[in-house]
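Trainee: Below are the chains, spelled out letter by letter.
2 protein chains.
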Amino acid sequence: MLRTKTCGELSLKNIGESVTLCGWIQRMRDMGGMTFLDLRDRYGITQIVFNMETNAALCGQVRGYGRECVIGVSGTVAERSNKNLKIATGEIEILAEKVHLYNRSKTPPFTIETDTDGGDELRMKYRYLDLRRPNVRANLELRHRLGMLIRNYMSGAGFLEIETPFLIKSTPEGARDFVVPSRMNMGEFYALPQSPQTFKQLLMVSGYDKYFQIVRCFRDEDLRADRQPEFTQLDCEMSFVEQDDVLATFEGLVQHLFMAEKGIDIGSLPHITYREAMDKYGSDKPDIRFGMEFVHIKKGLAADASENILPSGKFTVFDNAEWVGGFVARGCAEYTRKQIDELTDFVKRPQIGASGLVWVRRANDGSIKSSIDKFYTPEELKLLADKADMQNGDIMLIMAGIGEKTREQLGTLRLHVADLLGLRSANEYKPLWVVDFPLLEWNDEDKRFYAKHHPFTSPKPEHIPLLDTDPASVNANAYDLVINGVEIGGGSIRIHDRALQKKMFSILGFTDGEAQKQFGFLMDAFEYGAPPHGGIAFGFDRLSSLFGGAESIRDFIAFPKNNSGRDVMIDSPSTISEDQLKELCLTVRN
Amino acid sequence: MLRTKTCGELSLKNIGESVTLCGWIQRMRDMGGMTFLDLRDRYGITQIVFNMETNAALCGQVRGYGRECVIGVSGTVAERSNKNLKIATGEIEILAEKVHLYNRSKTPPFTIETDTDGGDELRMKYRYLDLRRPNVRANLELRHRLGMLIRNYMSGAGFLEIETPFLIKSTPEGARDFVVPSRMNMGEFYALPQSPQTFKQLLMVSGYDKYFQIVRCFRDEDLRADRQPEFTQLDCEMSFVEQDDVLATFEGLVQHLFMAEKGIDIGSLPHITYREAMDKYGSDKPDIRFGMEFVHIKKGLAADASENILPSGKFTVFDNAEWVGGFVARGCAEYTRKQIDELTDFVKRPQIGASGLVWVRRANDGSIKSSIDKFYTPEELKLLADKADMQNGDIMLIMAGIGEKTREQLGTLRLHVADLLGLRSANEYKPLWVVDFPLLEWNDEDKRFYAKHHPFTSPKPEHIPLLDTDPASVNANAYDLVINGVEIGGGSIRIHDRALQKKMFSILGFTDGEAQKQFGFLMDAFEYGAPPHGGIAFGFDRLSSLFGGAESIRDFIAFPKNNSGRDVMIDSPSTISEDQLKELCLTVRN
Chain S
1 MLRTKTCGEL SLKNIGESVT LCGWIQRMRD MGGMTFLDLR DRYGITQIVF NMETNAALCG
61 QVRGYGRECV IGVSGTVAER SNKNLKIATG EIEILAEKVH LYNRSKTPPF TIETDTDGGD
121 ELRMKYRYLD LRRPNVRANL ELRHRLGMLI RNYMSGAGFL EIETPFLIKS TPEGARDFVV
181 PSRMNMGEFY ALPQSPQTFK QLLMVSGYDK YFQIVRCFRD EDLRADRQPE FTQLDCEMSF
241 VEQDDVLATF EGLVQHLFMA EKGIDIGSLP HITYREAMDK YGSDKPDIRF GMEFVHIKKG
301 LAADASENIL PSGKFTVFDN AEWVGGFVAR GCAEYTRKQI DELTDFVKRP QIGASGLVWV
361 RRANDGSIKS SIDKFYTPEE LKLLADKADM QNGDIMLIMA GIGEKTREQL GTLRLHVADL
421 LGLRSANEYK PLWVVDFPLL EWNDEDKRFY AKHHPFTSPK PEHIPLLDTD PASVNANAYD
481 LVINGVEIGG GSIRIHDRAL QKKMFSILGF TDGEAQKQFG FLMDAFEYGA PPHGGIAFGF
541 DRLSSLFGGA ESIRDFIAFP KNNSGRDVMI DSPSTISEDQ LKELCLTVRN
Chain E
1 MLRTKTCGEL SLKNIGESVT LCGWIQRMRD MGGMTFLDLR DRYGITQIVF NMETNAALCG
61 QVRGYGRECV IGVSGTVAER SNKNLKIATG EIEILAEKVH LYNRSKTPPF TIETDTDGGD
121 ELRMKYRYLD LRRPNVRANL ELRHRLGMLI RNYMSGAGFL EIETPFLIKS TPEGARDFVV
181 PSRMNMGEFY ALPQSPQTFK QLLMVSGYDK YFQIVRCFRD EDLRADRQPE FTQLDCEMSF
241 VEQDDVLATF EGLVQHLFMA EKGIDIGSLP HITYREAMDK YGSDKPDIRF GMEFVHIKKG
301 LAADASENIL PSGKFTVFDN AEWVGGFVAR GCAEYTRKQI DELTDFVKRP QIGASGLVWV
361 RRANDGSIKS SIDKFYTPEE LKLLADKADM QNGDIMLIMA GIGEKTREQL GTLRLHVADL
421 LGLRSANEYK PLWVVDFPLL EWNDEDKRFY AKHHPFTSPK PEHIPLLDTD PASVNANAYD
481 LVINGVEIGG GSIRIHDRAL QKKMFSILGF TDGEAQKQFG FLMDAFEYGA PPHGGIAFGF
541 DRLSSLFGGA ESIRDFIAFP KNNSGRDVMI DSPSTISEDQ LKELCLTVRN
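Chains S and E, in that order, give the protein sequences. Residue numbering for the first sequence follows my numbering, beginning at 1 and increasing consecutively. Residue numbering for the second sequence follows my numbering, beginning at 1 and increasing consecutively.
The set of hints was computed from the structure by calculation and includes no laboratory data. Where hints are given, some of them may not hold.
The list makes no distinction among identical chains, and a pair is therefore deemed to hold if it is satisfied within one copy or across any two copies.
[Stated by the list, open to error] No farther apart than 30 Å at their CA atoms in a straight line, the calculated lysine-lysine pairs in the BS3-like style are these:
no.	residue 1	residue 2
1	Lys98	Lys460
2	Lys460	Lys106
3	Lys503	Lys106
4	Lys582	Lys517
5	Lys502	Lys452
All chains, full assembly: derive it from the sequences and hints.
Mentor: Here it is as structure tokens:
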């Protein structure tokens with residue numbers, strides 16, 4: 001090795017030792033008689049001292065080097081007079097005796113520090129420099145640790161990591177596939193997997209009853225912020241299980257990760273149905289770090305009017321609304337007109353698309369005011385405030401409209417207000433299971449059902465008859481792991497019966513021929529002894545960013561792509577040669 | 001869980017317990033009053049007993065099920081009267097009380113046993129059934145264990161597993177890339193990585209001084225037997241190292257794997273130079289489980305004639321040959337004419353292409369006979385036999401021709417004879433390092449140099465001046481790990497200097513523009529403080545098959561492709577829709 005020690009390991013107990021360190025020059029301070037150099041590697045920073053009096057030549061040599069040059073330094077470990085107790089090596093320094101320059105560096109285009117002056121595009125173009133920043137390094141180290149923790153936990157629980165192929169077959173259901181032209185099979189294409197779904201199910205048919213894999217997946221989607229065309233998944237499947245077995249197994253994994261990485265005992269995870277999540281929080285991935293559960297003021301057009309909290313015939317907006325509901329923001333009665341206006345603007349943004357916001361406040365003196373004062377009597381509003389358990393000083397924010405849509409809008413407002421109130425701490429974790437998802441989702445544009453999870457998800461056995469009469473009401477043994485309002489994982493019990501799978505494809509609009517062409521291998525496999533099975537997949541990039549306390553996944557991926565799917569560092573995608581196209585029998589259309 | 005125990009865990013200490021097992025029917029024997037059923041899962045086989053007298057209905061029910069049906073059985077563990085000590089569960093059986101049929105099975109197209117009657121194509125088409133065979137399962141379990149051992153060893157040694165991108169940039173140097181058309185960037189393509197080479201080097205520039213990854217790689221090559229278009233690599237890189245540091249690190253890994261998986265202490269690995277390997281064994285991946293090193297009878301046209309063992313001017317074939325050499329096969333003096341003819345035919349096959357074979361035998365009585373008796377005196381042949389250390393009963397097989405080519409041919413014969421003699425035991429492991437590979441390889445067809453390893457390999461520093469005068473003679477700090485005649489891994493110390501990398505590209509025939517377009521990001525990175533670094537990559541499929549004692553990698557891959565790059569199970573590659581082509585702006589040429 002060109003070094004005997006790293007820049008992160010020397011301390012007072014090494015005083016007097018001769019050592020050689022290698023690393024990058026973080027900074028240099030020329031103090032006239034002395035030059036101090038901070039040498040950085042993956043493990044830390046060590047101060048190197050050059051003395052003009054004792055070794056002027058060496059001192060002069062080093063003063064010629066700039067930031068980010070790579071050097072090796074030999075010298076003796078000495079105690080620092082001016083200790084820096086903020087860093088592990090802050091009590092010692094190296095009295096330099098010899099320096100070897102391994103490589104020079106041009107001046108980096110941004111500062112290599114946690115707080116950098118580099119903008120996004122610049123940092124991505126020079127990602128190899130961005131990756132030197134200690135916070136980005138910490139992210140990748142965290143990701144490595146999580147990967148090791150997961151693999152050892154899964155392996156210890158009897159799961160086998162089995163690699164599935166990347167060059168598979170295009171199945172246009174779901175998101176768009178990336179395809180790969182085959183040179184040896186002219187005019188034919190492979191596809192890159194959106195997930196190993198069918199392969200892991202085949203492994204269950206093969207009897208590998210506990211499978212996992214940390215695996216790259218690919219989706220050619222129009223990229224929204226923080227979506228990557230390639231992403232990593234922890235993919236799992238088990239045989240001879242029911243929903244609760246899967247949940248218990250992966251609850252164990254989640255508990256283990258929080259304990260091992262953060263020392264947090266998150267306890268057992270609450271289960272909440274999809275219906276309950278939508279009704280209470282207006283979201284199928286509710287953030288339950290804080291309350292602010294919905295108060296249902298009007299439950300529905302068809303609901304018994306006596307269940308409504310406010311009388312009808314008074315306020316046409318509420319009368320016409322299918323659903324009216326709100327939540328209470330504690331201690332916010334003092335919100336100014338401006339603050340209320342901002343919240344109203346927030347819900348009116350096109351991304352949310354609500355028409356307005358109603359408020360009711362209970363002031364600190366107990367008096368009740370509301371934006372709908374003129375429509376309801378004080379008694380009616382007091383009843384509302386009481387039913388909503390409003391305390392003095394609270395405000396209730398209310399929205400009205402089409403049921404599910406309005407609940408989702410109110411759910412978004414709930415998160416926004418919680419953000420404003422600082423109720424969403426990055427250091428608090430409240431995982432939960434959302435269960436009993438609907439099997440299907442009606443798409444009004446295409447006038448057809450889509451699978452809510454995917455076409456392999458099994459309806460709840462007791463709902464199977466409803467497939468023929470009322471498919472929209474069929475629930476699935478499908479579940480999501482949600483942490484702090486983010487969907488971290490999702491899975492289901494699968495269909496393992498050929499006839500039911502065929503029926504499912506037919507409900508999704510496949511002809512028998514299409515179903516057989518695309519998924520025949522799986523349905524055929526079901527005829528040779530397929531066990532009951534189910535599984536789950538977790539977004540590993542997202543899990544890493546959650547553990548890292550960050551919102552974006554990008555800095556937990558070593559070499560991410562930008563929102564146009566480009567890697568600006570290597571400049572990819574790019575054109576390929578006419579020879580390559582010819583070999584692949586392809587022409588690019590203009 | 002639908003089961004309380006697996007089919008591999010019950011023993012005498014469970015007698016009397018009520019259990020539920022799930023699995024596949026391996027076989028059923030109807031003995032009139034009793035029916036015996038072997039139930040199989042991933043963990044083993046357990047015998048289930050149905051008694052016609054005590055439960056005729058249940059017995060009748062089960063008799064209707066066939067091989068590979070999936071059932072759950074509840075019953076009581078009992079001691080077997082007729083014990084089978086060959087299997088772990090052979091001392092007990094389950095007295096069945098209840099059976100649940102989870103799924104039926106059609107009759108499988110081949111027997112689900114280690115020795116199967118299924119041919120290759122059939123097994124691949126029904127790979128999900130093939131994977132049920134215990135030997136294939138053992139292979140995938142071994143692969144899982146090796147993956148865990150490697151990851152824990154590497155992580156324990158301070159290496160970080162960092163994922164690199166799959167959608168990268170096409171760089172036509174080396175093998176052919178698989179490309180991926182980009183929909184969002186019309187007319188442009190990603191490429192799938194042939195290895196993460198440039199990314200791991202960038203990680204070194206970023207200061208992640210110990211990197212590893214178990215990662216899929218892709219090569220669009222015309223497939224020879226036992227090559228896969230996608231394969232898995234253990235990819236590693238280190239900074240601030242010299243060749244010996246890399247070798248020592250991975251020698252540790254190899255020792256650890258053999259000890260942990262096989263309980264074998266393989267000791268320290270010999271180092272042998274490329275030159276020595278070619279001269280002694282005619283191969284850069286020598287099998288050193290046995291001797292049979294080459295005897296150099298004539299060292300070269302230019303060599304000092306006094307070094308030749310046989311005098312010149314006697315046998316024109318040897319006189320005209322650049323090199324003459326042989327090896328001694330111990331105890332084979334009794335080879336018949338037919339056996340010799342078969343060996344001659346072997347070397348004359350087009351794959352080897354030699355023109356003939358000369359032999360010299362020293363019979364058990366010490367007398368010497370040879371196919372070139374008439375050209376040399378008995379004294380001359382005796383001298384040859386003595387110099388070759390031939391004992392009574394040995395034969396020497398000799399070939400003559402162009403130096404390196406003839407040595408390679410003789411090397412192939414050496415392996416063949418060792419196979420015939422049973423000297424290549426699957427249970428003996430002799431790993432070694434082959435070092436000091438040439439940097440470049442001249443291609444007579446293209447009239448240009450190719451990189452022997454890859455364009456990023458550094459010449460030995462002391463050879464750098466030769467790049468201008470005699471590139472063919474430049475050696476590299478490049479090394480291969482060879483086990484039992486198979487190249488398991490290879491790597492090198494890399495170039496970390498922009499000017500040298502540029503020169504290397506120029507020697508390889510790149511214009512400056514091409515080099516900058518394809519690898520500019522790497523050369524640019526070298527200007528921002530690139531440390532000295534080097535690494536290695538291991539073929540993980542190959543490593544698994546080596547540990548599994550098998551020749552083919554295919555049964556160590558869950559879902560392999562055939563020699564045309566097809567997955568015959570899912571029928572991929574396949575055509576894609578005109579809509580998909582249109583979105584990608586592509587036309588398939590006819």
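Trainee: Does each hint fit the structure? Answer for all of them.
Mentor: The hints, checked one at a time:
no. : hint            : verdict
1   : Lys98 / Lys460  : between (73 Å within a copy, 24 Å between copies)
2   : Lys460 / Lys106 : between (63 Å within a copy, 26 Å between copies)
3   : Lys503 / Lys106 : between (64 Å within a copy, 20 Å between copies)
4   : Lys582 / Lys517 : both (28 Å within a copy, 21 Å between copies)
5   : Lys502 / Lys452 : within (17 Å within a copy, 53 Å between copies)
Checked against the numbered hints given earlier, this structure breaks none of them.
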